[in-house]
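S.K.: Sequence:
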Amino acid sequence: MVVAKLRPDSAVKVEQDRLEQLYEQLGQSGADGVVSRAMEELAIRLAKVESCYKRGELEEMQRAARSMIAISEQIGMVTFAQVAEDVKSLAMTQDSAALAACVARLMRIGENSLLAVWDYQGESV
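Each residue of the sequence shown is one higher than the one before, starting from 1 at the first, in the working numbering.
For the record, the hints were derived by calculation from the structure and aren't laboratory data.
Treat the hints with care, since some could be wrong.
[As the list claims (entries may be wrong)] Straight-line Cα separation of at most 20 Å, SDA-like style, residue types lysine to any residue; simulated pairs:
hint, residue 1, residue 2
1, 54, 116
2, 48, 119
3, 48, 105
4, 13, 116
5, 48, 29
6, 13, 92
7, 13, 107
8, 48, 89
9, 54, 23
10, 13, 96
11, 13, 51
12, 54, 96
13, 13, 23
14, 13, 85
15, 13, 71
16, 54, 119
17, 48, 23
18, 13, 82
19, 54, 99
20, 48, 59
21, 48, 17
22, 54, 66
23, 13, 59
24, 48, 86
25, 13, 119
26, 54, 101
27, 48, 70
28, 54, 13
29, 54, 111
30, 54, 17
31, 13, 29
32, 54, 79
Keep in mind the model is a prediction, meaning the values are calculated, not measured.
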């Protein structure tokens with residue numbers, strides 16, 4: 001019997017143009033505040049999605065995923081928004097395997113996206 005070890009690819013896409021536009025419009029201090037608050041909200045909602053999934057609270061999980069889409073798009077987290085949309089769409093289906101895979105992917109992508117924006121924010125200082 002051959003056992004294959006999966007190594008999920010969690011590459012993320014961050015639209016730096018969107019971040020740069022925020023910094024141009026709001027200035028360094030204003031954009032830093034917006035990005036920091038967005039990242040904090042996303043981290044909180046990411047944890048909420050995970051806890052709701054574990055408790056089987058799928059409607060609440062769907063609401064948390066929906067709210068993450070607009071926030072992540074605002075700061076250019078394209079991949080994060082796409083995966084949050086997938087979780088939102090799958091939340092009320094009967095496809096528990098697909099939902100489990102999507103929630104796991106959202107956790108990986110979420111962490112990597114937050115790190116990517118954090119790194120960008122550090123470079124812009």
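S.K.: Measure nothing beyond the straight line between the CA atoms of residue 13 and residue 119; if it is 20 Å or shorter, mark the hint as holding.
M.R.: Holds, because 13 Å separates the two Cα atoms, which is no more than 20 Å.
S.K.: Holds or violated: residue 13 and residue 59, Cα atoms, limit 20 Å.
M.R.: violated (28 Å)
S.K.: Taking 20 Å as the top limit, are the C-alpha atoms of residue 54 and residue 101 close enough?
M.R.: holds (13 Å)
S.K.: Quickly compare the C-alpha distance for residue 48 and residue 70 to 20 Å and report which way the hint goes.
M.R.: holds (16 Å)
S.K.: When you check the alpha-carbon spacing of residue 54 and residue 66, does it fall within 20 Å?
M.R.: holds (18 Å)
S.K.: Between residue 48 and residue 119, is the straight-line Cα distance small enough, at 20 Å or below?
M.R.: violated (24 Å)
S.K.: Between the alpha carbons of residue 13 and residue 51, is the straight-line distance 20 Å or under?
M.R.: violated (25 Å)
S.K.: Sort out whether residue 105 lies within 20 Å of residue 48, counting only the CA atoms.
M.R.: holds (15 Å)
S.K.: Straight-line Cα separation of residue 48 and residue 29 no greater than 20 Å?
M.R.: With a Cα-Cα distance of about 29 Å, the restraint between residue 48 and residue 29 is violated, given a limit of 20 Å.
S.K.: Does the alpha-carbon distance linking residue 13 and residue 23 stay inside the 20 Å limit?
M.R.: Given pair residue 13, residue 23 holds - Cα atoms ~19 Å apart, limit 20 Å.
S.K.: Going straight from one Cα to the other, do residue 54 and residue 119 come out at no more than 20 Å?
M.R.: Violated - the C-alpha atoms of residue 119 and residue 54 are around 30 Å apart, more than 20 Å.
S.K.: For residue 13 and residue 92, compute the direct alpha-carbon distance and say whether it is at most 20 Å.
M.R.: Outside the cut-off at roughly 27 Å; violated.
Violated hints, listed in ascending order, are 1, 2, 5, 6, 9, 10, 11, 16, 17, 21, 23, 28, 30, 31, 32; each of the other numbered hints is respected by the structure.
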